[in-house]
Structures are given as structure tokens and as C-alpha cells.
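With these hints in hand, go ahead and build the complete structure from the sequences.
What follows is each chain in one-letter form.
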Amino acid sequence: MEWYLPVIWAALIGTAVALYVILDGFDLGIGILFPTTKSEGERDQMMRSIAPFWDGNETWLILGGAGLWVAFPRAYAVIMPALYLPVIVMLLALVFRGVAFEFRVVSHSKTSWNFAFAAGSTTAAFCQGVILAGLVQGIHVENGAYVGGSFDWATPFALMCGLGVISGYALLGATWLVMKTEGPVAVRAREQAKTLLLFVLAFMAAVSLWTPYAFPAIATRWFSLPNFLFLWPVPLLTALLAFADWRALDKGGEFVPFITSIGLFMLGFVGLVISWFPYLVPPSLTIWQTAAVPASQIFMLMGTLVFLPLALCYTALVYWLFRGKVKPGESYH
Amino acid sequence: MELDPVLLARLQFAFTITFHIIFPTFTIGLSAYIATLGAIWLRTGAERHQRLMHFWTKIFAVSFAMGVVSGIVLSYQFGTNWSRFSLVVGNVIGPLIGYEVLTAFFLEASFLGIPLFGFNRVPPWLYVTAAAVVAVGTATSAFWILSANSWMQTPAGHEMRDGIAYPVDWIAIVFNPSFIYRLAHMVNAAYLTTGFVVLAVGARYALAGRHPEEARTMLRMAIGLVVVLAPLQVFIGDQHGLNTLKHQPTKIAAMEAHWDGSKPGDFHILAWPDAKAEKNLFEISIPHGSSLILTHDWNGLFPGLKSVPPDERPPLVSVFFAFRIMLAIGTFMVAAAFCGAFLWWRGTLFETRWYLRVMAQTWWMGFVAVVAGWVVTESGRQPWIATGILRTADAISPVSAASVLTTLILFVVVYGIVFTMGIYYMNRLIEKGPQGRAIEQSKDFAVSPISAASDAGREALGNS
Ligand code: HDD
Ligand code: HEM
Ligand code: HEM
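Chains as they are written, first to last, in our numbering: chain H, 1 to 333; chain L, 1 to 464.
Misleading hints may appear alongside valid ones.
With a straight-line Cα cutoff of 30 Å, these simulated DSS-like cross-link-like pairs (lysine-lysine) come out [as the list claims (entries may be wrong)]:
| # | chain 1 | residue 1 | chain 2 | residue 2 |
| --- | --- | --- | --- | --- |
| 1 | L | K432 | H | K110 |
| 2 | H | K325 | H | K38 |
| 3 | H | K327 | L | K432 |
Simulated DEER-style distance windows between Cβ atoms [unchecked claim]:
| # | chain 1 | residue 1 | chain 2 | residue 2 | range |
| --- | --- | --- | --- | --- | --- |
| 4 | L | L242 | H | P283 | 48 to 58 Å |
| 5 | L | L126 | H | G303 | 21 to 31 Å |
| 6 | H | M302 | L | L242 | 33 to 43 Å |
| 7 | L | F235 | H | T155 | 52 to 62 Å |
| 8 | L | F235 | H | F255 | 42 to 52 Å |
| 9 | L | F332 | H | G303 | 24 to 34 Å |
| 10 | H | F277 | L | L242 | 30 to 40 Å |
| 11 | H | E142 | L | R161 | 42 to 52 Å |
| 12 | H | S150 | L | R353 | 57 to 67 Å |
| 13 | L | D311 | H | T155 | 36 to 46 Å |
| 14 | H | P309 | L | F175 | 19 to 29 Å |
Read the hints as simulated data drawn from the structure, not as lab findings.
For glycine and all other residues, C-beta sits at the position ideal for the given N, C-alpha and C.
Right, dumping it as C-alpha cells:
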């Protein structure tokens, strides 16, 4: 039990984070793409395509944070102080962007809330990339506590990951628009998605080369035998998905680009897990060293097994109720 | 001057959570009110109920957004600012907050889309059901978060090993000794606060002679509610206080500015407790008042502040005055509720302008009482962050004071902007009032959503 409970929890939190990245990824992406149109009507349409969903999407972020605290308090107590500034700046960016949904429509002048929405979304995406990089780079721990400085996370690698996440979310957002909207917005999104896809592939390639080079443990994990025999399909699948994505964008596919873009994200995620598992706070703390006591993990697991499927059902219900495309100019007379 | 990271972290937490609680207080109450309006509308089909439901839903949307974004901040602050706290009590409190996310947040966040954007997409019963589900979700979230907070006040069901709390009995943890009192007092506070907001808006319209039908409905519903809840709140508060005396006597001593436990306590209407001099510099008191309330005995004794060493005493001035503010507002609310009920019974409620004029100004009172109540509860717990388990000073994260100060300033700036604009927009929506005819529901539910917010926008701009 002491062995497999943390594994189950790591899988659950991994799932929550993956769902968060997909769901909030596309709606943050809408914010990132916001400045690419000058038309207020098109912005309305873009925002309306995500308005009923964004709140539910962000709930996965809370689940990720709370889940980490519940299941791995020792990791939570190290990661949060280590990444203090990027975490808080991300939260503040989400504040601006979240209230912009409601404030923008009630406001006389839309300009400032347009800016808050776009800047908030972009900043939040950047910070999430930095947080990811902060983890991958490793955190300086002694006696179970963080002992580094306030800016240990600030490296060129973090900058690159931040930009990578921005372009990735923008890709998800663009392909979401291709699927959920009609008219000029959808047409432009299709063109943007192609450019963004190239950016994302470039960033994925850069991370894949950089990490094994900078962190020998990762190089050993991927390139030693027999691991390599099992792992080579990961890059191959990535290439295939990217190709399918491109073709669908070219051929006028509406659903496939979104799905394949999600697939690309998931493969990137799998790649990171392969690189560092079972470390939760690389390079020193594993999931077993940071786990909560079994009593807490079991108590929470019982609730999760009941309520997580329910939460997925509500999410599906809402997406189904608000299915269909958002047309230009709807309900703005 | 050396910056004190503990003080800064406390300031930051106090600021962010005070900001947050204002919105849950309103959304817990308002969601229940909207669901009630919906249920009445389903039964009667009356136009004014539908218009009121849509009107309050728009205001709800603005408040809810602010509640959500400020809440997300809080759930991460346990780690960023209080990592030692997360570590020491994480095994116990973590799951309670985890349950809140699973049982409450997903429910409210998912179903909220339907009341906001789904009027033309779903049948009326589903629309109203979704509103009720949101109301249940907000109350459920209060259940878990108050359980977590009450455990910090009156821990139970755990054992300490190597300085870390381990859960032993989950029922005892969730239903710890102060939980039921705190839950009842807080949820009632939310309904009461919202009742006074609705009352104030109704009075404002009645005075201006606008939306006469809706104004009457709001006034009647609100007075019917607060005339029950206001006295109930005083009663629950009294029971809550008696329970606190049992478990946190020092907090009660601070609330009453009672120094010497060997003498009966006077109730100080006003006083200035001085921590250094260990006495009150000035008092206006009702002799033996506190003894009577707390022990139901003229000469009853209860512990005074001097029964614990100075470093175990909470900050006196904030606890003492915040408690007085809450009591004053509670008393006022009871009087206002009875007065309104009396006028209603006499049949002159809608004509008594002085009463309406006073009521139109009282929308903020509940919020102030809620914040004051929390200052009593939380400052009164000091110097402990979890009573008897961990001191606040030992709960801090290894983060530099400069970082905490920087983010504190950022919070103040960002929340300042968001708060000002939010209040401004809500006020503008109220200024506009319930608009237009009742919306015909289209037979074809598959047409695209009417955006509640975009309607609100058009109305606020006056171009509907
Ligand atoms: C008495 C009730 C109460 C109290 C004491 C608190 N909250 Fe709260 N919170 C709510 C009642 C609530 C709510 C009614 O459920 C909210 C308000 C608006 C909303 O969206 O849900 C909410 C929202 C909310 C959210 C966003 C949820 C969502 O996406 O729907 C989070 C993450 C938190 N809260 C977390 C906290 C934390 C960490 C608190 C204490 C330290 C806290 N809340 C105090
Ligand atoms: C005059 C009657 C009232 C009495 C006797 C009373 C009593 C109390 C007491 C003793 C506490 C502190 C409990 C503790 O920390 O252990 C408290 C807290 C609180 N009060 Fe009141 N109260 C009254 C009115 C109100 C009103 C009118 C409101 C709001 C509308 C309110 C809202 C709160 C809140 C939100 C808290 C903090 C949470 C809690 O501990 O429940 N109270 N009250
Ligand atoms: C929502 C209503 C609440 C309000 C208005 C409130 C208010 C406050 C205030 C004013 C402080 C600073 C006290 C001081 O330092 O003197 C504080 C501290 C704190 N509160 Fe609350 N609180 C609320 C609910 C909660 C809940 C539900 C929790 C936990 C589940 C919580 C956890 C804490 C923690 C960890 C601190 C920091 C440490 C401390 O100063 O004791 N609070 N709160």
C-alpha cells in the first residue's frame, strides 16, 4: 500500500494537470490570440466560444494544486516557495483575465478589458511554462525544505519553456476556433494554426535536445538500452500527429486539428514524465518521499473515485449543451 | 528596519482572504435567492419573478467571477506563504480542501454556465434546477472550508507524531467541536447579508418609484427572510460564543477585554484594552453583563487574560473592536427587520419613506459584520495558527521578506482595481434595474445561447 498509493496519486494528479493543460490551454489560447483581430465583433465571437466553459476549466488547476497538497504535502511545501514569484504572478494574471469575461461586456470602453484579457492570458501561459521549467531544472532541497533564492528559476531554459507554452496554448486556441466558430474568425484561425504548429514543433525539438544535454540523468533515461527500444515510438508518434494536424488544417478539417494538437501536447507531457519519473521534485525527492500518510491518501482517494467521474460527467454535459458553432455577430445587435 | 516575513505573510493572507470572503458571502446568498425566484416562477409563471431572476443573475455573474479568481489565489497561498503549515497539518486539512474542490467547485463551476448562458438552450425546469445546483454547490463549499478552518480553531481526531499531525478519526476531524456553530453562523450570515442587499435595492427602487412591482416583491421577500434570520443569527452567535468559551477561553477574554478571571466580568460597551498595562484604560460597562451572558449567572466566573502569559494572548484591540462592530450590526439588523415586519403588517411598508430611505443605505452592513466576525475568529486564535499545534510564527515559508512584500503590493494594486471596477459595474447594473419584457423562451432549445453578460452589457449601455 505504501508503495502503490503514491503511484495512483501521481497518476491522478498527472491526469488532472493534463486535463487542465488541454482545457484551460485552449481558452488561454483565445486570450493570446485576442490582439490579432481589430474587430470588436470578432472578439465577442471569440470570447463567446469559451464563456460557458472557462470557469469549469480553471477548476482543474485548483484540483491540481489541492491534489498536490493532499497527496504530496512535502512536495507542495517545497515547490510553492521555490517557484513563489512565477506562481503568484500567474495567479494575478488569471485574476485579470477571469474578471475580464464579465467586466468587458458591462464596460463602456472595451479597450482596457481587452488588454487585461490578452495580457492576463499571455502572462499566465508564460508563467506556467516557467513553472514547468523550474521543475524540470530541479529544485535545491536540504532537509526537506527549499534552500535556494527567490530567482533560482530564472534561466534561459525557463524563458524558452515560457515562450513554448504560449505558442502551444495559442495553437490549441486557434484549432478550437477552427472547430467552434464560423466566418472570418475561423478562416484566420486556420492560417494562424499552421504558423503556430511550426513554432510548437520547433520548441518541442529544442526542449528534447536541451534537456538530455543539460541533465545527464535524462539522457541516460532515454538513450540507454533497453529503454531506447521502448521509447523510440514517442518521437515517431509526435511526428505523425504533427503531420496529420498539418494536413487537416490544409484540407479544411474542423475537428481533427484540435484533436491532433491535443495529442501533441499529451506526447510532450508523456515525454516529461518519462524523463523524471518517479521524481516529483527533481532531482532529489521521489513521490514516495513526499507522500502524505496512507490514511489521508485513502480518505481522499475514496472521494476522488466517486466525485471525479461525476465531475467529468458535468463537464461533458456542459460541453454537450453548448455544442455547435458560434456565428459572427450573434446576440450583439 | 528589518522586514518581518511573518507579519508580511499575515498581512497578505488577511488582505487576500478578506477580499475573497466578501464575494462568497454574496454568492452563497444570491444563488439561493435566484433559485428561489426560479422555483416561484416555475409555479406561477409570473413575469416579475422571471425578470427579477434574470436581473440578479447578471449581478451574480460579476460577483461570482471575482469570488472564483480570488479563491484560486488562496488555495495556492497555503503553499507559497505557509509551507510549514501545509506540512504540519497537511495530512489533516489537505483532504478537507480536496473534498471541497471535488464536491463543490466542479458542481458550481460546471452548472453555472446554464443559468448564465443557457436560457434558450434548456427547458425551464433544467434551467431552474441548474440554478439550485449552483446554490447547493456554494453551500457545500462553505461546509468543507469551514470544517478546515474550525479544525484549526479546535483541533480534534488527530495525533501528533514528530511534530506532524496525523489523522486518526475523520468524523471527529470534520465535525470538530466548533464546526457546527461556525457553519451555521457563517451560512446564516451569507443569507442575512444578501437579504439586506435585496432589501436595500428594493427600497431604492420603491423610493424612486421605479419598477414598482419588482420593488414590492423584493421588499416582501427580503423582510420575510431577515425577520427570521436576524434573530436567529443573534441566537447562533450566542451559542457559538458559549462553545468558544469552552475551547478557546483566551479568545473570549480578549473579546470581552476581561483581565482578571477571579472577578465576575462586566460587559464593556466601549473600552480601550492596553496590552502593556494589562488593564483597560477606559471603560463604559454594564456591570456583570459578560458573566450573565457567558455563564448565565450574575456572579459567574470565566478565565481572564491574565490567566495566560502575555505571549499567549491574541492582539486585543482588533479582536475587541471587531467584536463590537459585529454586535452593533447584529442588533441593528434585528431592529430593522422587526420594524419592517411591523410596517408590512400595518400595510404601510411601501409608503413609509423614512424607513425605505434608511434601508436603501444598509446594503454594506452584512459584509462589514462578516469581515469583523472573521477578524474576531482569526485574530482571536493568535498566536496559534492551529490551536496548540503550531504557532503562526513557525508556519511560514522559506521565502524572503522582499518577495512577500513585492507580491503584497501587487495584490493590493490588482485587487484595488478589480474591486473598484466590480463594485462600479454591479452598481451600474442595479441602477439600470430589471429591464424589458419577460423573455419569451423559444421552443427550439438548440438555438445559440443568449449571453447573460452581453444582455447586461447592452442594458448597462442603455442601448437595448
Ligand atoms: C463560507 C464560505 C467560504 C469561505 C470561508 C472561503 N470560501 Fe472560497 N469560495 C466559496 C466559499 C468560501 C464559494 C461560495 O464557494 C465561492 C465564491 C464564489 C465562487 O465561485 O465560489 C468560492 C470560491 C473559491 C475558489 C474558486 C472555486 C471555483 O472555481 O468555483 C477557491 C479555489 C476557493 N474559494 C478557495 C478558498 C480558500 C483556500 C479559502 C480559505 C482559506 C476560502 N476559499 C474561503
Ligand atoms: C449580535 C449578534 C451576534 C453574536 C452574539 C455573534 C457572535 C459571534 C462570535 C462569538 C463569533 C466568534 C466565534 C469564534 O471565533 O469562536 C462570531 C464570528 C462571526 N460572526 Fe457573529 N455574532 C453576531 C452577529 C453576526 C452578524 C449579524 C453577522 C453577519 C451578518 C456575523 C458574522 C460572523 C462571522 C462571519 C464570523 C466568523 C466565522 C465564525 O466564527 O462563525 N455575526 N460571531
Ligand atoms: C473567509 C473568511 C476568512 C476571513 C475573513 C479570514 C481572516 C483572516 C485574518 C484577518 C487573518 C490574519 C489574522 C492575524 O494575523 O491576526 C487570517 C489568517 C489566517 N487564516 Fe483566515 N480568515 C477566513 C477564513 C479562513 C479559512 C477558511 C482558513 C483555512 C481553511 C483560514 C486560514 C488562515 C491562515 C492559514 C491564516 C494565516 C496565519 C495567521 O495569521 O493565523 N482562514 N485570516
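Using the C-beta atoms of F235 of chain L and T155 of chain H, is the stated range 52 to 62 Å upheld?
-> holds, 59 Å
Given the range 48 to 58 Å, decide if the beta-carbon distance of L242 of chain L to P283 of chain H lies inside it.
-> Taking Cβ atoms as reference, L242 of chain L and P283 of chain H lie about 54 Å apart, which means the hint holds.
Has the hinted range 42 to 52 Å been met by the Cβ atoms of E142 of chain H and R161 of chain L?
-> violated, 23 Å
Is the hinted range of 33 to 43 Å satisfied by the C-beta distance from M302 of chain H to L242 of chain L?
-> Cβ of M302 of chain H to Cβ of L242 of chain L: about 35 Å, so the range 33 to 43 Å holds.
Straight-line alpha-carbon gap K325 of chain H to K38 of chain H, limit 30 Å | The given pair, whose Cα atoms are some 21 Å apart, holds under the 30 Å limit.
With 42 to 52 Å as the target window, see if F235 of chain L and F255 of chain H comply at their CB atoms.
-> violated, 59 Å
Do F332 of chain L and G303 of chain H keep their Cβ atoms within the hinted range of 24 to 34 Å?
-> violated, 42 Å
Going straight from one Cα to the other, do K327 of chain H and K432 of chain L come out at no more than 30 Å?
-> Holds - the C-alpha atoms of K432 of chain L and K327 of chain H are around 29 Å apart, at most 30 Å.
Could you say whether the range 30 to 40 Å given as a hint is met by the Cβ separation of F277 of chain H and L242 of chain L?
-> Once the Cβ atoms are compared, 53 Å apart, the range 30 to 40 Å for L242 of chain L and F277 of chain H is violated.
Do the Cβ positions of P309 of chain H and F175 of chain L conform to the proposed distance bound of 19 to 29 Å?
-> Holds, since P309 of chain H and F175 of chain L (Cβ atoms, about 27 Å apart) stay within the stated range.
L126 of chain L paired with G303 of chain H, Cβ distance criterion 21 to 31 Å = holds, 27 Å
So the hint says 57 to 67 Å: do the beta-carbon atoms of S150 of chain H and R353 of chain L match that?
-> holds, 59 Å
Hint compliance for this structure: hints 8, 9, 10, 11 are broken, all remaining hints hold.
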